[in-house]
Every structure is written in structure tokens, then in C-alpha cells.
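*Asks:* Each chain, letter by letter, is given below.
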Amino acid sequence: MSTEISHHKTLSESIPRKPRIATTSLCGCFGCHMSLLDIDERILQLAEIVDFDRSPITDIKHCGPCDVGLIEGGVCNAENVHVLREFRANCKTLVALGACAINGGLPAARNTIDVGECLAEAYCTPAIAIENPGIPNDRELPLLLDKVRPVNEIVRIDYFLPGCPPSGDAIWQFVSALVTRRIPRLSYALIKYD
Amino acid sequence: MTNESVAKAPKSTAPSAPGEALQARETRLFSLDGKPVAFTSGQTILEAATAAGRYIPHLCAHPDFPPHSSCKLCVVKANGRYLSACSTRAREGLEVESNTPELNGRRRTLLQMIFVEGNHYCPGCEKSGFCDLQALAYQLEMQNPHFSHFWPDRTVDASHPDVFIDFNRCIFCELCVRASRDVDGKHIFALTGRGIKKHLCINSRTGKLGDTDFSAADRAANICPVGAILKKHVGFSTPIGKRTYDATPISVVSLASLEASK
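Protein sequence lines, in the order shown, are assigned to chains A and B. Numbered according to this note's numbering, the first sequence spans residues 1 to 194. Numbered according to this note's numbering, the second sequence spans residues 1 to 262.
It should be emphasised that the hints constitute simulated quantities derived from the structure, not laboratory data. Glycine residues also receive a C-beta, built at the ideal position from the N, C-alpha and C atoms. Do not take every clue at face value.
Unchecked claim - Derived CB-CB ranges, DEER-like:
1) B:LEU191 to A:CYS118: 29 to 39 Å
2) B:ARG194 to A:ALA120: 27 to 37 Å
3) B:ARG194 to A:ARG17: 50 to 60 Å
As the list claims (entries may be wrong) - Examples of chain A residues toward chain B, derived with CB under 7 Å:
4) ALA99
5) ILE102
6) ASN103
7) ASN111
8) THR112
9) CYS124
10) PHE160
11) CYS164
12) TYR188
13) ALA189
14) ILE191
15) ASP194
Full structure from sequences and hints, please.
*Replies:* See the structure below:
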């Protein structure tokens, strides 16, 4: 790991402008973002060599031109589609981060069930104690898609980083390669689907 | 085609008696990725390679059962032709390519097709870390399933007291079919239907596993390479990091387990 760190420093000196990173969580659990924070003190090095654009970390609401976009989560509603397209339009390199972005993940377990039945079961079942049973219908709420989709079924994705979540080490190995213009490749022990 | 080649090979290549005696004295060789591999009469390319400590990726092949050659993961290029290593007999002077970017790329594509054909959610599967399908995908660096998902509507059969079947994860390798028929003598499983409607079916009046004489001690209950046939009451007993394929690739595990069983 120490060789990689020195590599970054020399490269960061030679790169005129800091790469910009944007991140978002679509139909995910924020576990991948937790794992991003799990790179521990290396996040300070990352902050040195990159700038963060739109991300839950910065609370910036819209994405500007970026070098790398990290997408957590699959696509389950209309808002997810808008956010994903905004990222694709602004990020030179787009990464599907984690199991849900790659194959829909756990939320995609609803894909064999009709979305109406799903909502009825969750919001209208008498056995579940809820007040005023009924499917929420507010124009502020994004409409659900019929199925939860992997992100690459909506936009072109450049790289995939599997894991549920990918470990902090995997994210570090991957992202540090990307921002220093190396082709990211995970070592065996870091490729995990769970 | 390839199954046939195994069945016919002994007759068609059977040498005359004096030649046989001569060949028994000489070591017969074929080349695998440019390096010589010795074989004995009747061995398949996969068997000979494995015996020589060389790994060829495979999923439906099992040393205890006749080849099925359905998964096509073990396809190699032998003298320029694509052949299943599990069901093609080794021949003197055969030039076999296996560990090449082209063949590994094809294998990765096959794995991606298997992944989208079923419902394979590793994070929620008890077999994760022990699964041959997952381990092969790790080995061949499959980063995503690439193709559009089928999301087939399949069920779970939990009718048996000790074993459950999650049909979402079945890859149709027929190992349970072969084990139940050839070892257990119970004929409990079969594949039925075609194309995307192909599925594992169970030989009982209700079609439920609980209505058969299946037992957790059966060979068929202990052979599934994926998480389709699993024991109840023992899930997630091994911590992450200590599972079979967590740190060791299937190429190493596969050869070591065969060595241990000798």
C-alpha cells in the first residue's frame, strides 16, 4: 500500500488540476457510501488529490462537470433515472459501485412481483397496523418503475466495482487507480459479490 | 457431440496389441498451453490436466460422475477446434489451449449468461463464499452480468424438514440428478421444460421434496455447486473471510481437494 501512496503524491504533483469526484446513492442503502468512509484515514489523502462535487458528503444538490462519478444503488423510480442521467451527462468516467448498481441487488427481489401488488401489500394490508391504509400518492413522490434495474440498463457505465458493499480496501484500490489515470483492477481477495 | 466422442473414442483409437504394449512403456503426452501433460489411455483432457496439477475451469464436471458437458466452461481449443475438455479424450500430440484471453473471455460471457438467466443474489445466499459459480466468476474477474436480466419467476421448496431447494439459483448442471440416480438410487431429480422454461423437477406426486424419500445424508444433498440445494439449520455458520473461496481461488481449491481425496 505504501508504494501506491508515494505513487499518488508524485502524480498529484504532476497533475495540474485536481480530479473531481461525484457520488450518489440511488436505490441503495448507503452501505457503499459507508464503505467509502471505511477507507479510514486514507480519505485525507483522497481529499488531497481530488475535489468532491455532488455527493452526500458535500450536500451539493446537482452535479457539475466531473472526472469520476460513483453510483451506488439500482434504479427503482423516476428520480433515480434523472439523477443517473445527470451523472452520465457530467462525468467522464462512471462507476457502478456495489451489488445493487450492478444487478439491482436486494431491491430487485421485487422484480418477479407486480408493483401494484407490492404497494398494496406494504400499504394496504389490514394485518399491518398502519393508520389510513392506502398507497401514498403525492406529486412530490417519484413514481416507482415496474422493475428495479441495474444502472447499465439505463446509461453507459465505464467500470463496475462489485461487493455488498465493496470493502474500503477495494474502493481505495479502485478509486485511487482511477484518479491517478491508471486502469483499475482488483486483486483476487477484493473481488466479492457479497 | 462431445459426449459421443468419449463413448466412441476407445474403439476408434484402440491400437493393435503390439502397439499397445509399446505405448504402455512410453509416456504419452499432449500439450496444454505449451507445456506437456502426460495422460493414460481413456483419460479426458480435463482428467489428465487435473491429474497433472493443471486447472481447466469447469462447473458441471465432477470427478465421480460421467461428463455432462452442458456448462461449456471447460471448452478448450484443441488443434484449433473448440471442444469440451471434460468429455474429449486426450490424444497423443494434441495441442490444447485453455488459459488464453480469448477462451477466458468466452468463459466470462458464459458465466454472465448463467447469472442473468437465474436470480443470483450473492449477498443473501448462504452458499456465498462456497459457491463454484461465484468462485469461477471471481477467478475470471467477472465484474458485472453485462446482459439484461431475465428475472425468472421461480419458487423455493421448503417442504423437506432438513433440506430446502431455491430454484432461483439452479444452473441445470444435473449433478443432483446424476447423484440421486447413480449413487443414491432414488431418481428424485430431473430437468424438464425447454429454454427459459427449463427447470429442475422433483419426482413425487405433489412435486414437493418433502414427499420424497430424500435425505440430508444423500449424495444429491451434498453436491450442488451453487446455493440451490441447501441444508436447513446451518446457514451462515462460517464467518466472512474464512469461507472456502474468500482468499483462495477455485483453481487452487479444486486441485487441492482432488489431491486430498486421493
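*Asks:* Holds or violated: is there a CB of chain B closer than 7 Å to the CB of ILE102 (chain A)?
*Replies:* At 5 Å from the nearest chain B Cβ, ILE102 (chain A) passes the 7 Å test, so the hint holds.
*Asks:* Does ALA189 (chain A) pass the interface hint, meaning its C-beta sits closer than 7 Å to a C-beta of chain B?
*Replies:* Constraint on ALA189 (chain A) satisfied, holds at 5 Å.
*Asks:* When you take the CB atoms of ARG194 (chain B) and ARG17 (chain A), is the distance between them in 50 to 60 Å?
*Replies:* Holds: the Cβ-Cβ distance is about 57 Å, inside 50 to 60 Å.
*Asks:* Do the numbers back the hint for ASN111 (chain A), that is, is its least Cβ distance to chain B under 7 Å?
*Replies:* holds, 4 Å
*Asks:* Could you check if PHE160 (chain A) really has its C-beta closer than 7 Å to a C-beta on chain B?
*Replies:* holds, 4 Å
*Asks:* Using 7 Å as the Cβ threshold, decide whether ASN103 (chain A) counts as touching chain B.
*Replies:* Given a least distance of 6 Å, the restraint on ASN103 (chain A) holds.
*Asks:* How about ALA99 (chain A): closest beta carbon in chain B under 7 Å, or not?
*Replies:* holds, 6 Å
*Asks:* Does the closest beta carbon of chain B sit nearer than 7 Å to the beta carbon of THR112 (chain A)?
*Replies:* For THR112 (chain A), the interface hint holds, since the closest Cβ of chain B sits about 4 Å away, which is under 7 Å.
*Asks:* At a threshold of 7 Å, is the proposed contact between CYS164 (chain A) and chain B supported by beta-carbon distances?
*Replies:* Nearest chain B Cβ about 4 Å off; hint holds.
*Asks:* Does the closest beta carbon of chain B sit nearer than 7 Å to the beta carbon of CYS124 (chain A)?
*Replies:* violated, 22 Å
*Asks:* Given ILE191 (chain A) was flagged as interface, is its beta-carbon under 7 Å from a beta-carbon of chain B?
*Replies:* Status holds, d = 5 Å.
*Asks:* Take a look at whether the Cβ-Cβ distance between LEU191 (chain B) and CYS118 (chain A) falls inside 29 to 39 Å.
*Replies:* Once the Cβ atoms are compared, 31 Å apart, the range 29 to 39 Å for CYS118 (chain A) and LEU191 (chain B) holds.
Of the numbered hints stated above, the single one contradicted by the structure is hint 9.
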